[in-house]
Structures are given as C-alpha cells and as structure tokens.
Amino acid sequence: MSEPILDVRDLSVSLVGSGPPIGAVDRVNLTIGRGEVFGLVGESGCGKSLCALAIAGLLRQPMQVTGGQIMLGATDLATIPQRQMRRMRGDDVSMIFQEPMTALNPLMTVGDQIGEMFVLHRGLSRRAARKKAIEALDQVRVSSPERRINAYPHQLSGGMRQRVMIAIALACDPKLLIADEPTTALDVTIQAEIVELVLELCRAKGTAVMMISHDLGLVARICNRVAVMYAGQIVEERASAEIFNHPSHPYTRGLVDALPRLGRRLERGQRRLTEIAGVVPALHEFPEGCRFAARCPRVTSECTAASVPVTQLDGGGIVRCLHHV
Amino acid sequence: MLQLLLRRLAQAALTVFIVISLVFVLFSVIPGTFTSSLQADKRDVSQDVIERLEDELGLNDPLPVRFANYVTDLAQGDLGVSYATRRPVSDMLSGRIWASFKLACAAIFFAVCVGLPLGFIAAIRQGSWIDTAAMTFAVSGLSIPGFWAGLLLMYLFSLKLHLLPTFGYGSGGLSHLILPAITLGIAPMALLARTTRAAVLETLNADFIRTARSKGMSERRLVTRHLARNAFVLVLTTIGLQFGSMLGGSVVIEKLFAWPGVGSLLIDSVGLRDIPAVQGAILVIVLFFLLINTLVDLAYLVVDPRIRYN
Chain A
1 MSEPILDVRD LSVSLVGSGP PIGAVDRVNL TIGRGEVFGL VGESGCGKSL CALAIAGLLR
61 QPMQVTGGQI MLGATDLATI PQRQMRRMRG DDVSMIFQEP MTALNPLMTV GDQIGEMFVL
121 HRGLSRRAAR KKAIEALDQV RVSSPERRIN AYPHQLSGGM RQRVMIAIAL ACDPKLLIAD
181 EPTTALDVTI QAEIVELVLE LCRAKGTAVM MISHDLGLVA RICNRVAVMY AGQIVEERAS
241 AEIFNHPSHP YTRGLVDALP RLGRRLERGQ RRLTEIAGVV PALHEFPEGC RFAARCPRVT
301 SECTAASVPV TQLDGGGIVR CLHHV
Chain B
1 MLQLLLRRLA QAALTVFIVI SLVFVLFSVI PGTFTSSLQA DKRDVSQDVI ERLEDELGLN
61 DPLPVRFANY VTDLAQGDLG VSYATRRPVS DMLSGRIWAS FKLACAAIFF AVCVGLPLGF
121 IAAIRQGSWI DTAAMTFAVS GLSIPGFWAG LLLMYLFSLK LHLLPTFGYG SGGLSHLILP
181 AITLGIAPMA LLARTTRAAV LETLNADFIR TARSKGMSER RLVTRHLARN AFVLVLTTIG
241 LQFGSMLGGS VVIEKLFAWP GVGSLLIDSV GLRDIPAVQG AILVIVLFFL LINTLVDLAY
301 LVVDPRIRYN
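If you're matching them up, the sequences are chains A and B in order. All letters in the first sequence, in the order written, are residues 1 to 325 by UniProt numbering. All letters in the second sequence, in the order written, are residues 1 to 310 by UniProt numbering.
Derived from the structure by calculation, the hints contain no laboratory data. For each residue, glycine too, the CB sits at the ideal point set by N, CA and C. Keep in mind that the hints are not guaranteed to be accurate.
[Said to hold, decoys possible] Partner residues aside, some chain A positions facing chain B, computed with beta carbon under 8 Å: (1) Leu58; (2) Met88; (3) Gly90; (4) Met95; (5) Glu99; (6) Ala103; (7) Leu104; (8) Met117; (9) His121; (10) His154; (11) Ile168.
[Claimed, not checked] Beyond 10 Å from chain A on every Cβ pair, some chain B residues (computed): (12) Leu4; (13) Ala10; (14) Ala12; (15) Leu22; (16) Pro62; (17) Phe67; (18) Ala68; (19) Thr72; (20) Ala75; (21) Leu153; (22) Gly173; (23) Leu191; (24) Asp297.
Please build the complete structure, drawing on both the sequences and the hints.
Okay, structure coming up:
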C-alpha cells in the first residue's frame, strides 16, 4: 500500500448520556492509502456510518469519540479544535450521503450550494464561485450546466441531485471522500453510473475513497481492500478479491452467501435466498465475547467466554474469529 | 397567480355569504330585537314609537325577505343603515377599520419580534435554562386570558409606573397603542415562540443541515444561510393565521382599552341587536382574515421555490 492518507487507530465512539457511556464503535483500526478505494461493509446499525461521521467530525450529541486517533496526514482529527476541523471539512475530507432527495437545501439553487464550497475554502467571490460551480456541474456530467446552475433541488431527479452532491463533495479536490451508501436510495439503473462517476473523478483528482455500503458485491468489485464491520467492531479486513472468494469470518461468509447470484439457488436446490438468521444486537446488548456468537454456525463455548482477539492472516489482512477458515 | 387571486375571490364571496346567513339566522333565534333593546334599562319608549320604528326599519318583514333585501344591497356595495345611529354602516366602519388595522399590525409586529427570536434561541440552546425559561414564558403567555393580561399591564405601566395611558385612542399616537398591542400580541407571541422552536428543531435534524456541516462552514453561516430561512417557511403559516384572526381576536381587548375599532363596534351593536352594524363589523373581520391568508400564499411564492400555484 502507498503512503497512508488516513490512519485510524483504536477509534471508539460511544453514546454519552446521563448513565455510563455505551460503546457503539469499538477500537476500530483503518488505513487508507493515497488515492486508494477502500470499502467498509456491514448491516444497518453495525457502526459504519458512525465511523464515517466520526472521521468527518460530524458526530452529533449524544454520540462522541471516546478514544483513539484519526490521523489525516499529520493531523489528528480526533483532537484538533473545532475551528480547524471546520476548515478541513469539505476541503480535505468530504462526504456524500445516502439520501439525495433530502441532502440538499431546498431553498437554495444548486449553483449556490456548489459555489458555497469555493466561497468557504477558496475565498472566491460569489460571481467567481458561480463560474467554478458551472465547471463542477460539467465535471459530474450534468448537461447544460449553465442553465442547471439556477435550478432548485426539487427540479432535479434523484440521480441528478446525487451528481450535485458529488460536485459539492469533490469541489475542493479533497484528499479523502467518504461515500456513505451513495447509491442505496437511487434507481438500480443509475447506481452503476453514479459509482463509476465517483471513482473516475476521484482517480483524476487523486482522492482516496472510503465507500460505505451494505452491498458486499459492489464493494468487492470497486475497492482495493474491504473491511467488514459487525456490531461496532471490524471482524475482517482483506484485499477485496480474497474476502469475496474466500471469506474467513463466518459473518463475511454469511454476507457473501446472502448475495443473490444467478442460477446458484437452483444449483443448490434452495427455494429461498440465503440469509443470516437473527439480527444485529442493540448497542446496550453487545455481549462480552464474540458479538456474532448468537448468530454464528461455528459457535463454541470459548467464543462467548471472553472477547475475541484479532488474528493476522497468512495472506495479509486480519480476522476476529477463533474458528476462522 | 391570477388564477389564485380569482379562486380566492370566489372563495371570499362564498365565505361572506355563509357568514351573513349564519348571523341572520342566529339573530332571529336569540331572544331580543333592536326595539326590545330600546326598552331595556327601564327606559320609557311608547308603543307608538316602537311600532313606527319597526315599520320604518322593515323589522316586521319575514326573515327571508329581510335576508334577500340585505344580500341585494350588499351585492351593490351597500352595507345598509345602522338601526341605532341611522348612519350608513360603511361610514361607521371606515374610521374604525384603520384603528383596528393599526392595532392588529402593532400586535403581530410585537408577536413576531419577540416570539420568533425567543423560539429560535430556545431551539438553538435546547435543554438549557434559556430554553426552559423561554418555554415557561410561552406557556404562560398562552394560558393567561388576554383581558387579564391587559388589566395587569394597565395596572403596572399606567397606574404604578405612570409610563403609558391606561386606555383610549388619544390622538392616535404610539403611546396609546402600546398596551393594547402587547395585550393582543401576547398569545400569538407565545404560540409563535413554540412553533418557531419546533420548526428550528425539525430543521436542525434535516439532512441538508448535515450536508451544510459537512461543507465546513461556521455555525453562524449555517444558521443564517441554511437554517433560518427553512425554519421560517414552516412558521410563516402560523404568522399568517395569527395575523388574520387578530381583528376577530381583538374584540375583547378593544373593549377593555376602549379602542375605537371594529371589535368594540361589534360588541356594542350586538347588545343593541343592531344587525346591519353587526353584519358590517363581521364582514370586515372575515375579509381581513381572507386577505391576510391570500397574502401569506403569495408570500410563499417568494420564500419557497418549491411552491407554484396553477
């Protein structure tokens, strides 16, 4: 891997309320190289979005970073003052969200919303920012950008709005783009287009991408490396081809098996798609030992006795399982 | 937009017709007539006079005939002649409309200038003592009856502090306007504070606010550029409704402060069973409400690009 642009060490995020803090993300380690495309996968509620928000400094009460480092280059985002974080947000780290329908300000033209980035981080005048906004819209392949610049979000389709979001996020050529399920809310027909667009632009700008998704298939296809999260912990992290073809953790195995693939169901004589039985435990119900134990086909008594350490795999990568393959 | 105005006009005509019918029916059902009100207070009015009056005013005509006459006149812009003063109702109203309008504007001005910032600060500092204090204040404002608040204000500012006149219109200056305007504005102010707080909290949780944060802007810019306008859109309807119903709501307050507006005319006329004057006053109140509502709809066109009327 090339020199890391993002190095997250032992990141913990907790729900801090009146009682004792409840851990939601537990000592997560992530490294993303310059220009690398990194995938973070897991079910809803496993903590992947919290990780993303923590890195972007966007956690809101009652969620707080309760430990660890978030090194972006030489800066620890976990400890720098608000003011400095604000300057870096959007400029060095930016985000795309899941819901293009609601992620844009309904009362502002898309031109002003894109242009705002240049006003904030490049100190441009409104007029100059507008010119740059037209260029940015053109880059995300919105047709006749000089006209669309005056459109309000409700006048654009979901795919269009997500393009605008991408234009905003990449306006200042950030070092890292966090894409939190950027295509989940879109029509299947334009999902691939949007993903391709993000990857292409990031490649051109040298921006590293952290792609968050519950879709292991998508992530395995586009990412160099993939980390799988479960109940606030990373349970497996490897090169994407390996994780997809030879999943090591039973949970990853479950995710791979759950992907619908043409013809395979009939081959195996199944009548239903494969699923992982049970649900992710709630925050306050995380067990002492392996957090996947309750749903795991390979569970033994050791698994529930004490927390499971991380094992280094021979072919590179890590897994958090006593019975990994 | 022209279509909107035309539709509103038709709507107004229908509303006015229904309101007039209701008033006619009500006044035929409740005991007492204009002539019987003359005999109240043990005044000695001879039977002859009464009969001549009833004849002259057409009070002996059957209800449908009186109603038809009134509606015909109204359609020609004639509000009729007051039973009590024998003056055209339109003359009686013309001076009072301005007084009432001035009071309503001052009251909504007070309500917006205090309620909006109060709700805003409460939401931004949610859970702090400022929030608690502001909302306690707002609930009190909603709970205290207007006339009681008016009496308290009079007692404090006029009788004790001698800062403002107790009641009356004076020469139409500001000093006479302040107390009735505040009294009338307290409840709308409290309601606005609560609505604004809810609107700001809702907007704070919106996805686009998170997007705005992710762009790396200062809290000040976030609030002024992204939060305030979106929250205001949610509050605008409440402002309009409160403003619109202000003339109707000011009836008691006008009476309390001896304010020569439409409301006090209404109360006096109801006591006298002076139906043309009552109808005229109610007409003004209804039309004011419809007018303000239309203005709010037009305001939305300016504030919110998502709204188009066709």
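We went through each hint and held it up to the structure:
1. Leu58: Holds - the Cβ of A/Leu58 comes within 8 Å of chain B, reaching about 6 Å at its closest.
2. Met88: With Cβ-Cβ at 7 Å, under 8 Å, it holds.
3. Gly90: holds, 4 Å
4. Met95: OK, holds: A/Met95 within 8 Å of chain B, min 5 Å.
5. Glu99: holds, 5 Å
6. Ala103: holds, 5 Å
7. Leu104: holds, 6 Å
8. Met117: holds, 6 Å
9. His121: Hint on A/His121: holds, closest Cβ of chain B at ~7 Å, below 8 Å.
10. His154: Cβ of A/His154 sits 5 Å from chain B, so the hint holds.
11. Ile168: Holds: closest Cβ of chain B sits about 7 Å from A/Ile168, inside 8 Å.
12. Leu4: holds, 20 Å
13. Ala10: holds, 29 Å
14. Ala12: The claim holds: B/Ala12 sits with its nearest Cβ about 30 Å from chain A, beyond 10 Å.
15. Leu22: holds, 41 Å
16. Pro62: holds, 57 Å
17. Phe67: At roughly 48 Å from the nearest Cβ of chain A, B/Phe67 sits farther out than 10 Å, so the non-interface label holds.
18. Ala68: B/Ala68 clear of chain A: closest Cβ-Cβ about 50 Å, beyond 10 Å.
19. Thr72: holds, 48 Å
20. Ala75: holds, 43 Å
21. Leu153: holds, 38 Å
22. Gly173: holds, 40 Å
23. Leu191: B/Leu191 is indeed farther than 10 Å from all Cβ atoms of chain A, at 24 Å.
24. Asp297: For B/Asp297, whose nearest Cβ neighbour in chain A is about 17 Å away, the distance exceeds 10 Å, so it holds.
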